[in-house]
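Protein chains: 2
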Amino acid sequence: MGRSGKNNQTIIPTIISPHGQIMLIGEYRHTIDDKNRLSLPAKFRKEMGKTVVVTPGLDSCLFIFTVKEWDRISGHLSAGESSILQADNRGFNRFLLGGAVEVEVDAVGRMLIPEHLRERAKLKTKVVFLGVRDRAELWDEAVWQEYRAAIERKADQLAEKLGQAGVQ
Amino acid sequence: MGRSGKNNQTIIPTIISPHGQIMLIGEYRHTIDDKNRLSLPAKFRKEMGKTVVVTPGLDSCLFIFTVKEWDRISGHLSAGESSILQADNRGFNRFLLGGAVEVEVDAVGRMLIPEHLRERAKLKTKVVFLGVRDRAELWDEAVWQEYRAAIERKADQLAEKLGQAGVQ
DNA sequence: TATCCATCAAGTGGGAAGAAGTGGTAAGAA
DNA sequence: TTCTTACCACTTCTTCCCACTTGATGGATA
Numbered sequence: 025m026g027r028s029g030k031n032n033q034t035i036i037p038t039i040i041s042p043h044g045q046i047m048l049i050g051e052y053r054h055t056i057d058d059k060n061r062l063s064l065p066a067k068f069r070k071e072m073g074k075t076v077v078v079t080p081g082l083d084s085c086l087f088i089f090t091v092k093e094w095d096r097i098s099g100h101l102s103a104g105e106s107s108i109l110q111a112d113n114r115g116f117n118r119f120l121l122g123g124a125v126e127v128e129v130d131a132v133g134r135m136l137i138p139e140h141l142r143e144r145a146k147l148k149t150k151v152v153f154l155g156v157r158d159r160a161e162l163w164d165e166a167v168w169q170e171y172r173a174a175i176e177r178k179a180d181q182l183a184e185k186l187g188q189a190g191v192q
Numbered sequence: 025m026g027r028s029g030k031n032n033q034t035i036i037p038t039i040i041s042p043h044g045q046i047m048l049i050g051e052y053r054h055t056i057d058d059k060n061r062l063s064l065p066a067k068f069r070k071e072m073g074k075t076v077v078v079t080p081g082l083d084s085c086l087f088i089f090t091v092k093e094w095d096r097i098s099g100h101l102s103a104g105e106s107s108i109l110q111a112d113n114r115g116f117n118r119f120l121l122g123g124a125v126e127v128e129v130d131a132v133g134r135m136l137i138p139e140h141l142r143e144r145a146k147l148k149t150k151v152v153f154l155g156v157r158d159r160a161e162l163w164d165e166a167v168w169q170e171y172r173a174a175i176e177r178k179a180d181q182l183a184e185k186l187g188q189a190g191v192q
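Here the protein sequences come in this chain order: A and B.
Position one of the first sequence corresponds to residue 25 (the numbering used here), numbered consecutively onward.
Position one of the second sequence corresponds to residue 25 (the numbering used here), numbered consecutively onward.
Treat the hints as calculated values from the structure; they're not laboratory data.
Careful, some of the hints might be misleading.
Copies of the same chain are indistinguishable here, so a pair counts whether it falls within one copy or spans any two.
Cut-off 16 Å, straight-line C-alpha distance, at most; resulting in silico cross-link-like pairs (EDC-like, lysine to aspartate or glutamate) [as the list claims (entries may be wrong)]:
1) K92 - D180
2) K70 - D95
3) K150 - E184
4) K146 - E126
5) K150 - E128
6) K146 - D180
7) K148 - D130
8) K59 - D180
9) K146 - E176
10) K185 - E161
11) K74 - E184
12) K185 - D83
13) K70 - D158
14) K146 - D130
15) K185 - E128
16) K74 - E143
17) K92 - E176
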């Protein structure tokens, strides 16, 4: 590999939960270059492998799944089962399934983001990866900053949710 | 490492509660160096081990959990109704999971705080660790001073009101 | 009993090797 | 010929390791 992560503030690899399930966490900043190439955070690569599935996400971001996770989700969707995606939302299913693209990660850990997905997520050059449990999310940096600020403004909601999660 | 902690103002060592649960207490001052390294208070190290999880907290501080404690918390997240279709759940998961980082403590007891977390907690060089039961909190020194002062003012007011109400 | 010294433990700083991100060029496909 | 993909090279950052400084502690001696 070449230059080296400067924007990126990795500290430690993502964790695999005791159940063997993938557990992505953390926030990483990267840049999309002229050729629309984008480095997958090094810490995500081990977990995600050589092929990932990119789909339009919610709130102007993209979702990035492992192939395995994608199979599980799309299986649930097509089976009409209730899942994290709750089958009653057909529109959402089409949105997710229809926009999905399988993407190869190259030898140095980069992937190509197709234009229609870049547009959806309003990605410019500076982007942010988020590890959110079993998926990664890809945000334009500015969009993410704004979204995050909005969340943090609702501090009381956050406190309540933290309490529910067992944090006192 | 050399002879001994100087900036650090230990108040009380950590203790293990009778139930075997971790119980951190005390207030410690440390500094973040040029490479964003930060010594974990020596008193916390035994309890917290070689790996800790750092997450954004409330009131502009960071939470530092043991891996075990983090597993418990993230378990709550998956156990609960965390449908991806609910906007507030998405936001909370992004806040907590996306903000979380697993951090290794190095041979001399230092950890690296990633930039996005330093930003959130407004950490400069002087920081304060607080032991808060089963987690540690990390504050910028100035922010902490201000926060504590505000709390104390409120406490005074409260005490006064209670006194007026006949409670001594 | 008090002071001084020696030893220990903890924090801080810097350098070097390796890992990772980014840019460019060349080869192949459309 | 042009766009895409694969490969290569360079630079920067991260991380590990080592050394130095400093505060604390315990023991010995006056």
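Okay, the hints, checked on the actual structure:
In this assembly of identical chains, the alpha carbons of K92 and D180 never lie at most 16 Å apart, being 36 Å within a copy and 26 Å across copies at closest. In this assembly of identical chains, K70 and D95 lie within 16 Å of each other by CA distance neither inside one copy nor across copies; the values are 18 Å within and 20 Å between. Proximity of K150 to E184 under the C-alpha cut-off of 16 Å is found in neither arrangement, the shortest distances being 32 Å within a copy and 30 Å between copies. For the identical chains of this complex, K146 and E126 are neighbours neither inside a copy (20 Å) nor across copies (29 Å), given an alpha-carbon limit of 16 Å.
For the identical chains of this complex, K150 and E128 are neighbours neither inside a copy (21 Å) nor across copies (27 Å), given an alpha-carbon limit of 16 Å. In this assembly of identical chains, the alpha carbons of K146 and D180 never lie at most 16 Å apart, being 28 Å within a copy and 20 Å across copies at closest. In this homomeric assembly, K148 and D130 never come within 16 Å of each other (Cα to Cα): the closest approach is 21 Å inside a single copy and 36 Å across copies. For the homomeric pair K59 and D180, neither the shortest alpha-carbon distance inside one copy (41 Å) nor that between copies (34 Å) is at most 16 Å.
For the homomeric pair K146 and E176, the shortest alpha-carbon distance between copies (14 Å) is at most 16 Å, but the shortest distance inside one copy (22 Å) is not. For the identical chains of this complex, K185 and E161 are neighbours neither inside a copy (21 Å) nor across copies (18 Å), given an alpha-carbon limit of 16 Å. In this assembly of identical chains, K74 and E184 lie within 16 Å of each other by CA distance neither inside one copy nor across copies; the values are 39 Å within and 30 Å between. Taking identical chains as interchangeable, the C-alpha atoms of K185 and D83 lie at most 16 Å apart only when they sit on different chains, with a minimum of 15 Å there against 20 Å within one chain.
Proximity of K70 and D158 under a CA criterion of 16 Å is satisfied intra-copy only: 13 Å inside one chain copy versus 31 Å between copies. Within a single copy, K146 and D130 get their C-alpha atoms no closer than 23 Å, and across copies no closer than 37 Å, so neither meets the 16 Å cut-off. With identical chains, the CA atoms of K185 and E128 are never at most 16 Å apart, being 37 Å at best within one copy and 27 Å at best between copies. For a Cα distance limit of 16 Å, the shortest separation of K74 from E143 qualifies neither inside one copy, at 24 Å, nor across copies, at 32 Å.
In the homo-oligomer, the alpha carbons of K92 and E176 never lie at most 16 Å apart, since the shortest distance is 33 Å inside one protomer and 26 Å across protomers.
Of the numbered hints given earlier, the model fails hints 1, 2, 3, 4, 5, 6, 7, 8, 10, 11, 14, 15, 16, 17; all others are met.
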